[in-house]
Amino acid sequence: MALSKDHMLNIYRDMVLIRRFEEIIEKYSKNGTIPGFIHLSIGQEAAQAGVIDVLRETDYKFPDHRGHGAIVLASRPEDRKLIMAEIFGKKTGINGGRGGSMHINDLKVRNMGFNGIQGSTVVTSLGTAFASVYNQTDDVTVVFMGDGTLGEGTCHESMNMAATWKLPLIYVLINNQYAISTPYTESHPQKQLSDWGKGYNVPSMTVDGNDIEAVIEVTQSAVDRAKRGEGPTLIELMTYRWQGHFSGDPAAYRPEGELEKWKEKCPIKLAKEKLLNHFGVHESEITEIHNWVEKEINSYLEFSLASPNPSPQDSIKYVYTDVEVEGRS
Amino acid sequence: MTRKISFSKAINEALHQEMERDEKVFIIGEDVAKMGGDFGITAGIWSKWPKRAFDTALSESAIIGLSCGAALCGLRPVAELMFADFIAVCYDQIVNNAAKLSYMYEGKASAQIVVRAVTGGGIRCAYHHSQCIEPWLMNIPGLVVLAPSTPYEAKGLLISAIRNNNPVIFLEHKGLYNKKGEVPEDLYELPLYKANIVREGSDITIVAAMSMVDFAQKAAEELSGQGIQCEIINPLTLFPLDKETIINSVAKTGRLVIIQEGPKFMGYAAEIGSMVYEEIFEYLKAPMKRITSLDTPVPFAPVMEDYVMPQYEDVLKACNQLMSF
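These protein sequences, in sequence, are chains A and B. Under the numbering used here, the very last position in the first sequence is 873; numbers go up by exactly one each time. Under the numbering used here, the very last position in the second sequence is 427; numbers go up by exactly one each time.
Hints are computed from structural coordinates only; laboratory data are not their basis.
Chain B residues, not near chain A, derived (Cβ > 12 Å throughout):
(1) I107
(2) D133
(3) K136
(4) H231
(5) I261
(6) K354
(7) G375
Going by beta-carbon spacing under 7 Å, a handful of chain A positions derived as facing chain B:
(8) I661
(9) S664
(10) V667
(11) T668
(12) G671
(13) T672
(14) T698
(15) E701
(16) S702
(17) M705
(18) Y862
(19) T865
(20) V867
Heads up, simulated PhoX-like pairs for lysine-lysine below, C-alpha to C-alpha not over 25 Å straight-line:
(21) K387/B <-> K354/B
(22) K710/A <-> K153/B
(23) K210/B <-> K861/A
Bear in mind the structure is a predicted one, so any value in this text is a computation, not a measurement. We put the CB at the ideal spot given by N, CA and C, even for glycine.
With the sequences and hints as input, model every part of the structure.
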């Protein structure tokens with residue numbers, strides 16, 4: 545799909561924003577400020593930005609564990625600093641610090657959050673898609689998965705049910721080549737994982753996940769199909785994670801030179817080339833975007849660092865909707 | 103107006119009346135729609151509401167996952183697990199999804215689902231269709247586990263469960279399905295998190311749930327003839343437990359017997375006993391006793407199954423021992 549110049553400039557800014565977001569998270573994870581595991585999506589920006597770009601605020605989104613980028617872009621601009629604060633485990637975090645990197649949710653934009661267990665949201669997402677049909681609305685559901693997710697049995701149950709009932713559900717499989725250290729080619733028999741959808745009569749396609757225009761085009765056609773009541777689509781987006789599985793994983797399992805090869809196909813670099821060469825955008829406009837992003841990201845960071853920790857006593861809230869559990873006396 | 107109906111009819115009636123009352127309620131599961139359920143519990147719903155009753159593939163994870171997602175959109179799914187044993191194949195959805203959603207969304211949304219699960223032994227179906235799985239669920243903050251013992255309790259608790267915003271596992275002991283009792287025709291709710299004092303007595307507190315309540319009543323009757331007065335507490339909500347009612351009762355009687363179907367080790371009888379020791383040790387006149395199944399899978403042959411199930415004579419023996427301590 546050929547994007548307009550403005551659209552391309554916007555999506556370029558989106559991708560730079562989530563790249564810088566992740567770089568900041570990486571820095572503060574490695575220096576010990578951010579607790580816990582962090583799964584970075586550097587290198588996968590087009591796969592996240594392109595899909596979110598097509599969706600409306602009322603469409604249901606289930607990000608995956610490597611989903612900071614999709615989560616940031618799905619949120620309202622004023623809430624983005626709250627997302628960073630959540631990753632820092634702060635009281636001001638969008639979920640009060642109780643979830644952290646892996647469970648960021650924001651119901652007002654229908655970011656339903658990730659469940660830390662692979663394959664879990666693949667069946668939960670059946671329910672929001674089902675509710676759209678039950679309530680006769682045209683909101684679609686997108687569930688992000690990785691190549692590793694496909695090994696879970698829930699993927700079979702979900703796709704079988706979604707296809708049988710023609711649910712408005714889009715499976716976005718971000719194939720970044722590795723489930724932690726295991727290449728997908730060593731754990732699945734298919735050459736392309738999208739082949740897996742064929743057994744369920746689900747239209748399935750593989751596209752270059754670093755080509756922002758291709759991602760937008762394939763997502764749009766899946767959304768259109770879902771809205772026509774024709775059922776689910778499986779989209780496999782081929783990409784690569786530049787970091788290890790978690791921040792700090794040296795990724796020694798990757799062959800030498802592989803990362804460098806993929807860096808040449810950096811989605812941001814490709815989009816920039818398109819802007820400069822195809823749309824005749826001036827280098828100064830690109831610099832302006834980067835300057836804007838720096839200012840923006842720094843404001844999220846300052847907010848996150850300055851925010852207080854949550855009250856430990858809040859740990860006992862919301863276990864049940866109607867009864868309180870015992871705290872410490 | 104009340105009349106006598108069976109435990110299974112009481113559940114069926116609750117479902118019909120809640121479907122009628124609230125169009126956000128729907129049923130989903132294996133053979134629950136056209137067939138009306140393997141045990142006939144959902145009979146008649148599909149013919150009245152064909153767009154609100156869903157037969158699924160044999161996909162328990164998808165059934166529970168879909169229910170959770172639909173609940174987040176404001177619907178009120180009632181899912182059936184044909185046998186509670188099947189919780190093992192959708193345990194992740196119950197434990198890691200349903201039970202965590204209120205916490206994850208800070209109470210802004212929750213898994214307002216009911217999972218009806220057919221539990222317990224006694225119908226000669228061996229180890230994959232006879233287990234008492236309550237303890238699998240009672241270490242999971244966020245879940246509500248209900249265990250009715252009469253048709254009246256079944257109807258009122260199921261109605262409360264459907265209207266409640268927490269994920270509720272509603273245990274239906276298959277040995278109780280044909281049990282009859284007085285049930286009001288109208289809709290009524292029974293409180294969650296509240297135990298029922300089935301019988302008052304001054305000498306021994308017996309805690310029992312589901313089909314074990316009948317066991318306890320029979321024993322209490324027999325012991326009464328010997329001058330031993332038993333107080334029977336039926337928790338109704340196994341988790342989160344109404345500790346207060348049990349503790350108040352044991353503080354009065356000073357003696358505690360717990361009858362629990364299912365293996366002894368780490369069963370809820372252990373938790374109730376620990377709770378009493380921790381809270382009111384000084385009130386106890388004798389050590390507590392647990393009457394449970396043996397720590398085995400449930401075997402098939404009737405003489406074998408009967409052997410591993412809780413023994414009535416052991417209840418009498420335990421009560422007599424406590425009185426002579």
